[in-house]
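Going down the list, the protein sequences come from chains A and B. If you're matching positions, the first sequence starts at 51 in my numbering and goes up one per residue. If you're matching positions, the second sequence starts at 2 in my numbering and goes up one per residue.
No lab work stands behind these hints, which were simulated from the structure alone. This one's a predicted model, so the numbers in the text were calculated from it and none came from an experiment. Worth double-checking, as some hints may not be accurate.
Taking lysine to any residue and the SDA-like style, the derived pairs with C-alpha atoms no more than 20 Å apart in a straight line are [claimed, not checked]:
id, chain 1, residue 1, chain 2, residue 2
1, B, LYS135, A, ILE247
2, B, LYS248, B, GLY298
3, B, LYS106, A, ARG240
4, A, LYS327, B, LYS135
5, B, LYS106, A, PHE241
6, B, LYS337, B, THR222
7, A, LYS327, B, PRO136
8, A, LYS327, B, GLU138
9, B, LYS112, A, ARG240
10, B, LYS248, B, LYS337
11, B, LYS248, B, TYR330
12, B, LYS106, A, ILE247
13, B, LYS183, B, THR204
14, B, LYS337, B, GLY221
15, B, LYS135, A, VAL228
16, B, LYS337, B, SER28
17, B, LYS248, B, THR276
18, B, LYS124, B, GLN143
19, B, LYS106, A, VAL228
20, A, LYS289, A, PRO76
Residue strings, one per chain:
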Amino acid sequence: MVERRPVLTFVSHLILVLGIIIIAFPLYLTFVASTQTAEQITQSIPMSLVPGTNLIETYRTALFGGETSAGSNLSGAARMMWVSLVTALIIPIGKTTISLLSAFAIVYFRFPFRNTVFWLIFITLMLPVEVRIGPTYEVVASLGMLNTYAGLTIPLIASATATFLFRQFFLTVPDELVEAARIDGAGPMRFFRDVLIPLSATSIAALFVIQFIYGWNQYLWPLLMTTHEDMYPVVMGIKRLLGGEAYTEWNVVMATAILAMLPPALVVILMQKWFVKGLVDTEK
Amino acid sequence: MASITLSKVFKSYGSGKTANQVIHGVSAEIHDGEFVVVVGPSGCGKSTLLRMVAGLEEISGGEISIGSRVVNDLEPSERDIAMVFQNYALYPHMSVFDNMAYGLKIARVPKDEIKARVDKAAKILELGQYLNRKPRELSGGQRQRVAMGRAIVRQPQVFLFDEPLSNLDAKLRAHTRLEIQKLHRDLGITSLFVTHDQVEAMTLAQRMIVMNAGIMEQFGTPEEVYARPASTFVATFIGSPPMNLIKEAPGAKPGVTVGIRPEHLDITDSGWALTVDALETLGAERLVYGRWQHGEGYELVIIRCDEGRPVPQLGSTIHVTPRPDRLHYFDTTTGKRI
Ligand SMILES: Nc1ncnc2c1ncn2[C@@H]1O[C@H](COP(=O)(O)OP(=O)(O)O)[C@@H](O)[C@H]1O
Ligand SMILES: [Mg+2]
Chain A
51 MVERRPVLTF VSHLILVLGI IIIAFPLYLT FVASTQTAEQ ITQSIPMSLV
101 PGTNLIETYR TALFGGETSA GSNLSGAARM MWVSLVTALI IPIGKTTISL
151 LSAFAIVYFR FPFRNTVFWL IFITLMLPVE VRIGPTYEVV ASLGMLNTYA
201 GLTIPLIASA TATFLFRQFF LTVPDELVEA ARIDGAGPMR FFRDVLIPLS
251 ATSIAALFVI QFIYGWNQYL WPLLMTTHED MYPVVMGIKR LLGGEAYTEW
301 NVVMATAILA MLPPALVVIL MQKWFVKGLV DTEK
Chain B
2 MASITLSKVF KSYGSGKTAN QVIHGVSAEI HDGEFVVVVG PSGCGKSTLL
52 RMVAGLEEIS GGEISIGSRV VNDLEPSERD IAMVFQNYAL YPHMSVFDNM
102 AYGLKIARVP KDEIKARVDK AAKILELGQY LNRKPRELSG GQRQRVAMGR
152 AIVRQPQVFL FDEPLSNLDA KLRAHTRLEI QKLHRDLGIT SLFVTHDQVE
202 AMTLAQRMIV MNAGIMEQFG TPEEVYARPA STFVATFIGS PPMNLIKEAP
252 GAKPGVTVGI RPEHLDITDS GWALTVDALE TLGAERLVYG RWQHGEGYEL
302 VIIRCDEGRP VPQLGSTIHV TPRPDRLHYF DTTTGKRI
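Let the hints inform the model, and build the full structure from the sequences given.
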């Protein structure tokens, strides 16, 4: 351990405070901007660092859209938030279900080409969405899944990371536990449900958080495969606010950014205990 | 309750060219209500044998019956057995109560019946106050008792134990040994108990199976096995210090190995001359290591004497006489008792 000395304490606190400022200042700036009117932001240079009075108005416009004072017509982020939420829930749920089951099959069942299957799954680990985006688009388009939730989520669900994670975890479950369950009369699915899933609970929680954020932050894939406005996720919405209209309503952009940040932050905060437990230790 | 019959049981791991036979035709009849211990050095196939009875390992050849049923093709849960594992194999996320109740829940035993059975087992094993705890909140001895409780509540025909005491410290092991004996007296369930520890085997067994390299060397009561070991392996494996085996004993026929236990050699004024090589004091008794020189080679002979006897000097020559009715004779080539 490091000795307790006043100078050291001061220096370490200074570094921490600086770090917090570097990370937190842009967030603060975003928030402040979202409480002002568009005119206030563009006219005062540099921008005022004191929160303005336009908070409720800005957020209403950001969420539900409408005519702004500058005359642009915005569509509102509420629908996009919903699309993002559904996507960001389907991806972790689908991914956890599929990878738990496939890891269970790979570890506990003997079937022909078991190893081949494992290696095939493993190889796909090396192919992130961006690499296979062209062919994936082809497939999704010809299946008629453009502008659907299925199209938004299924290609992102299919990945091997989680399968791999659960396989490694299942391999550490002692054989005797399987045998004890067999003697107790538990069939394979019963063992899966009553023993393996509860034991994996913390890993599942950690995976859920990671995959929720991953799903929420998707940009490239939705950009490619959604053409209808009502299937846009919120991350795309921010970009559209910046580009499209002649005049950028910065307060609305910033409010939308804050709105887009909230759900992942909430998920992390609410599941923090589980999440950290899942990353740090496993209960065996 | 039921008897267990093993007839010409074989086990090979793997198949074809890489097949590795580890049990070479074991036949034994374990009576209804009997407590039988399988003992042997590690790797001799004890666990494999037990796991075949449990149904956790396929039987490569021969037949195993429990009661009047041949169980070769039955699932473990259909064999009416319960097993206690060396590392206890408790479900880590379930409370003590749920650990014991799980098998009954699956078997759709009514709730109040489950509760009654678990409570009864918890009372026998003094686990009452721990029923709501998780296994990780228990000591090793308590976990071991939960594992036994899980076996008891099933009310099986047969108990199978695979070295259930080897993770306990010496004191707890002795105590648990007594508990298991008492449990068997009270419940009278046919039990098959695997251990590598001969003291455990001698103290627990009504009859014991001594195994070596996948072969059953002897099956008998602890007294029989001790007094009339069927082979040189049994003679040296059971008893501590082991029986002295002398290949070219004075006066013995060629091809015959003579065996004599250390406590059956008396130090006398005349007789077999040995040089004292080492001495060990074990409290109530003393071990004398006598070197018997013959030709170029020599053999060490262990003599056990009571503490009252005079202590021989290191390096001095002593004379010993075996008690004639306690001599054992074995065929030197096969190792079998003659
Ligand atoms: N699953 C297995 N696959 C291959 N060989 C095994 C397996 N289990 C046990 N063996 C072999 O069978 C022999 C007997 O093992 P085991 O019954 O566990 O011995 P013990 O319980 O007497 O120590 C050992 O040589 C061991 O290597
Ligand atoms: Mg073993």
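Would the hint linking LYS327(A) and LYS135(B) be met if the CA-CA limit is 20 Å?
Given pair LYS327(A), LYS135(B) holds - Cα atoms ~18 Å apart, limit 20 Å.
Does the structure keep LYS106(B) and PHE241(A) at a Cα separation of 20 Å or less?
holds, 13 Å
LYS248(B) and GLY298(B) were given as a pair; does the straight-line alpha-carbon distance stay at or below 20 Å?
holds, 12 Å
Holds or violated: are the alpha carbons of LYS337(B) and GLY221(B) at most 20 Å from each other?
Given that 20 Å is the threshold and the Cα spacing comes to 16 Å, the pair holds.
Within a Cα-Cα threshold of 20 Å, do LYS327(A) and PRO136(B) meet the stated pairing?
Distance of about 19 Å is within 20 Å: holds.
Is the straight-line distance between the alpha-carbon of LYS248(B) and that of LYS337(B) 20 Å or less?
holds, 13 Å
Can the restraint linking LYS135(B) and ILE247(A) be considered satisfied, given a maximum Cα separation of 20 Å?
holds, 17 Å
Hey, LYS337(B) versus THR222(B), does the alpha-carbon distance stay inside 20 Å?
holds, 18 Å
20 Å limit on alpha-carbon distance, applied to hinted pair LYS183(B) and THR204(B)
holds, 12 Å
Satisfaction of hint between GLU138(B) and LYS327(A), Cα-Cα up to 20 Å:
The given pair, whose Cα atoms are some 18 Å apart, holds under the 20 Å limit.
Hinted pair LYS106(B) and VAL228(A), Cα distance within 20 Å:
holds, 17 Å
With a cut-off of 20 Å on the C-alpha distance, tell me whether LYS112(B) and ARG240(A) pass.
The hint holds at about 19 Å.
The structure meets every hint from the earlier list without exception.
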